[in-house]
Amino acid sequence: MDVQVLTFLIVGASFLLYIGIAIWARAGSTTDFYVAGGGVPPVMNGMATAADWMSAASFISMAGLISFMGYDGAVYLLGWTGGYVLLALCLAPYLRKFGKFTVPDFIGDRYYSQTARTVAVFCAIFVCFTYVAGQMRGVGVVFSRFLEVDIVMGVVIGMAIVFFYTVLGGMKGITYTQVAQYCVLIFAYLVPAVFISMMLTGHILPQTGFGATLADGSGVYLLDKLDGLSTELGFNEYTDGSKSMIDVFCITFALMVGTAGLPHVIVRFFTVPKVADARKSAGWALLFIAILYTTAPALSAFARVNMIETINGPEMTGTAYSEAPSWIKNWEETKLIKFNDKNNDGKMFYSAGSYDDPASANEMLIDRDIMVLANPEIADLPAWVIALVAAGGVAAALSTSAGLLLVISTSVSHDLLKRTFAPNISDKGELRAARIAAGVAILIAGYFGVNPPGFVGQVVAFAFGLAASSFFPAIIMGIFSKRMNDKGAISGMVAGIAFTAAYIVYFKFISPELNTPDNWFLGISPEGIGSIGMCVNFIVAFVVFKMTKEAPKEIQDLVESIRFPKGAGEASAH
Amino acid sequence: MGFKNENDQKAYWKENLSILFKLLVVWFVVSFGAGILFVEQLNQIQFFGFKLGFWFAQQGAIYVFVALIFIYMKLMNSLDKKYGVDEE
Chain A
1 MDVQVLTFLI VGASFLLYIG IAIWARAGST TDFYVAGGGV PPVMNGMATA ADWMSAASFI
61 SMAGLISFMG YDGAVYLLGW TGGYVLLALC LAPYLRKFGK FTVPDFIGDR YYSQTARTVA
121 VFCAIFVCFT YVAGQMRGVG VVFSRFLEVD IVMGVVIGMA IVFFYTVLGG MKGITYTQVA
181 QYCVLIFAYL VPAVFISMML TGHILPQTGF GATLADGSGV YLLDKLDGLS TELGFNEYTD
241 GSKSMIDVFC ITFALMVGTA GLPHVIVRFF TVPKVADARK SAGWALLFIA ILYTTAPALS
301 AFARVNMIET INGPEMTGTA YSEAPSWIKN WEETKLIKFN DKNNDGKMFY SAGSYDDPAS
361 ANEMLIDRDI MVLANPEIAD LPAWVIALVA AGGVAAALST SAGLLLVIST SVSHDLLKRT
421 FAPNISDKGE LRAARIAAGV AILIAGYFGV NPPGFVGQVV AFAFGLAASS FFPAIIMGIF
481 SKRMNDKGAI SGMVAGIAFT AAYIVYFKFI SPELNTPDNW FLGISPEGIG SIGMCVNFIV
541 AFVVFKMTKE APKEIQDLVE SIRFPKGAGE ASAH
Chain B
1001 MGFKNENDQK AYWKENLSIL FKLLVVWFVV SFGAGILFVE QLNQIQFFGF KLGFWFAQQG
1061 AIYVFVALIF IYMKLMNSLD KKYGVDEE
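Chains as they are written, first to last, in my numbering: chain A, 1 to 574; chain B, 1001 to 1088.
I should point out that these hints are in silico values taken from the structure, not numbers from a laboratory.
The beta-carbon is built from N, C-alpha and C at its ideal position, and this holds for glycine as well.
Careful, some of the hints might be misleading.
Short, incomplete list of chain B residues facing chain A, as computed with Cβ under 10 Å [claimed, not checked]:
1. Gly1002
2. Leu1020
3. Phe1056
4. Val1085
Mimicking EDC-like on lysine to aspartate or glutamate, the simulated pairs with C-alpha atoms at most 16 Å apart in a straight line are [said to hold, decoys possible]:
5. B:Lys1010 / A:Asp557
6. A:Lys243 / A:Glu232
7. B:Lys1010 / A:Glu560
8. B:Lys1014 / A:Glu560
9. B:Lys1004 / A:Glu550
10. A:Lys566 / B:Asp1086
11. A:Lys338 / A:Asp380
12. A:Lys482 / A:Glu550
13. A:Lys243 / B:Glu1040
14. A:Lys566 / B:Glu1040
15. A:Lys335 / A:Asp150
16. A:Lys487 / A:Glu560
17. A:Lys329 / A:Glu148
18. A:Lys338 / A:Asp357
19. A:Lys482 / A:Asp369
20. B:Lys1010 / B:Glu1087
21. A:Lys338 / A:Glu315
22. A:Lys566 / B:Asp1008
23. A:Lys553 / A:Glu513
24. A:Lys482 / A:Asp109
25. B:Lys1082 / B:Asp1008
26. A:Lys347 / A:Glu309
27. B:Lys1074 / B:Asp1008
28. A:Lys243 / A:Glu560
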């Protein structure tokens, strides 16, 4: 059977599975819709959280990025996993005991302020839309490459599926669908990785194959070979980065703190029955995430070796274009690979240097995003593996979109309507509002998927910077400082966001030509500035707090009561 | 109120913070320490086919992270029991 038919079959079967689960797990009340009735077992919640967190970016783009960045790719690996430690140790158990549905709920109640709640709602909605646009795009790319349907058609199919199970099932439907999606995506990620590891190094585990000798009998370590190839072709050594240490430090920190502050991840810990379960579920989530995140850098290294050897040939003199493998021609059609025979020798050659510079020896332009999707083809794996990777990419994109859409709809129906504008709304009315909001959010997300704003890449830095400089400090102070007051927290959030946003907007949108290390504050790139924004938030909050009255007695008692597990009921609206 | 008296409550919170602090020190040392700040020094050491600093940055720290959360869970559950504030 050819790849396209197989892809249709495998992706189609996965869709049927998701829809079946959605029908089985319909939501009957707002508690079902927002937090799955608070009754999800920790292991399942861990899996769902992992699927929620690992987006199309983790699945499709990350290994490709690392493949081109080498050591520097550690910022993503450390940042996106290390943030879970902060989340599990400093936030999840306390927020679970607090027992409300959303992050704006916590901020609004803890700081006894509608202003704080409203600021938090808008931050949450902004962060989620930023993300969701990219996910829909990911679905579109997978569909257009593997099923050869139009990108628009791909996005519409994706929207329809997400619409169906989000609107019908709410958090309950999403959670159980995400469990299935995790299984699909991790299987799809591991199968090609194991195959390639076996072929290159003879190790079944990519994690050990990464540090093993090559299976070609030369006795050379894979990474030594890669370092050698990289320097020969004019790149930095693979195991040595090109970013400055302070920038690597700050980007990693901003991503960690940003992860811990992302509303769609935090909300997952409201869905388990007990505080002890919230602790356990964070552990499972990170374990499930780590399976993919420790495979990714191995896959990056394998892909890099394979790619260089395929294009440049075993002698490193280039392979004749007429004999190029089919994957190069396939991806050329999507314009994600380009070849320009600068020296007219009929051979392809890849090296450091700009593709657009006629004097450079580099004749290939390879988009980083294709590495994971093209990997099975590069390694010449059977067609069903390619189809499986397509299904995995779609599962990753759908699971994350659903989680984000739910936060958007909850923010609108619960935080804005119920808590701010229409406090008398009935449970049924609120549920209807939540469903309508989810529907509208999907349409908007779909629009951005079809017409992606050119700045999707840039706004991702924004989303993390924003979460790092606003939510994270406000929640941490809300738990660990009993006396922190409304004025301190609000001015901290505003100062943190304003500083971070101004820095990112300046370098990314107003003067992108100045976006070089020489002009950066302390050599910190816009991607890493959230860590400084976080410090600004803490300092401003502390100074303002010192000058104003401490939080009232009943708030201090509330903080006391979230610091130990006993008496945690199901999450409820109170 | 879940505690027998206010002293218990203070002691519980103090022990909680001390567990938190110790685990976060490990968290910092394996990621920012071994993977970033001292990566060049550690890269002088060979660990199978890896340079050690590189291994911490792309593999090792992640394994430690997972272990940290499960250790935290164990320590906190027994702390809750000790002070009688666990959930039935």
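Would the hint linking Lys1010 (chain B) and Asp557 (chain A) be met if the CA-CA limit is 16 Å? Between Lys1010 (chain B) and Asp557 (chain A) the Cα gap is close to 13 Å, so the pair holds against 16 Å.
Regarding the pair Lys338 (chain A) and Glu315 (chain A), is the alpha-carbon distance no greater than 16 Å? At roughly 22 Å apart (the allowed maximum being 16 Å), Glu315 (chain A) and Lys338 (chain A) break the hint.
Tell me if the straight-line CA distance from Lys566 (chain A) to Asp1008 (chain B) falls inside 16 Å. holds (14 Å)
For Lys243 (chain A) and Glu232 (chain A), compute the direct alpha-carbon distance and say whether it is at most 16 Å. Judged against 16 Å, a Cα distance of about 20 Å means the pair is violated.
Next pair to validate is Lys243 (chain A) with Glu1040 (chain B); report whether the Cα-Cα distance is within 16 Å. holds (13 Å)
Taken at face value, is the distance from the CA of Asp1008 (chain B) to the CA of Lys1074 (chain B) at most 16 Å? violated (20 Å)
Need the status of pair Lys1010 (chain B), Glu560 (chain A): alpha-carbon distance at most 16 Å? Since the Cα atoms of Lys1010 (chain B) and Glu560 (chain A) sit roughly 10 Å apart, the hinted pair holds (cutoff 16 Å).
Given the hinted pair Lys482 (chain A) and Asp369 (chain A), is their alpha-carbon gap at most 16 Å? It is violated: about 46 Å lies between the C-alpha atoms, which goes past 16 Å.
Given the hinted pair Lys1010 (chain B) and Glu1087 (chain B), is their alpha-carbon gap at most 16 Å? Given that 16 Å is the threshold and the Cα spacing comes to 19 Å, the pair is violated.
Satisfaction of hint between Asp357 (chain A) and Lys338 (chain A), Cα-Cα up to 16 Å: holds (14 Å)
Can we keep the Leu1020 (chain B) interface hint, with Cβ of chain A closer than 10 Å? Check passed: Cβ of Leu1020 (chain B) comes within 6 Å of chain A, closer than 10 Å.
Measuring from the C-beta of Gly1002 (chain B) to each C-beta in chain A, is the shortest one below 10 Å? The hint holds - Gly1002 (chain B) has a Cβ within 10 Å of chain A, the shortest such distance being about 4 Å.
Checked against the numbered hints given earlier, this structure breaks hints 6, 9, 11, 14, 16, 19, 20, 21, 23, 27 and 28; the rest are met.
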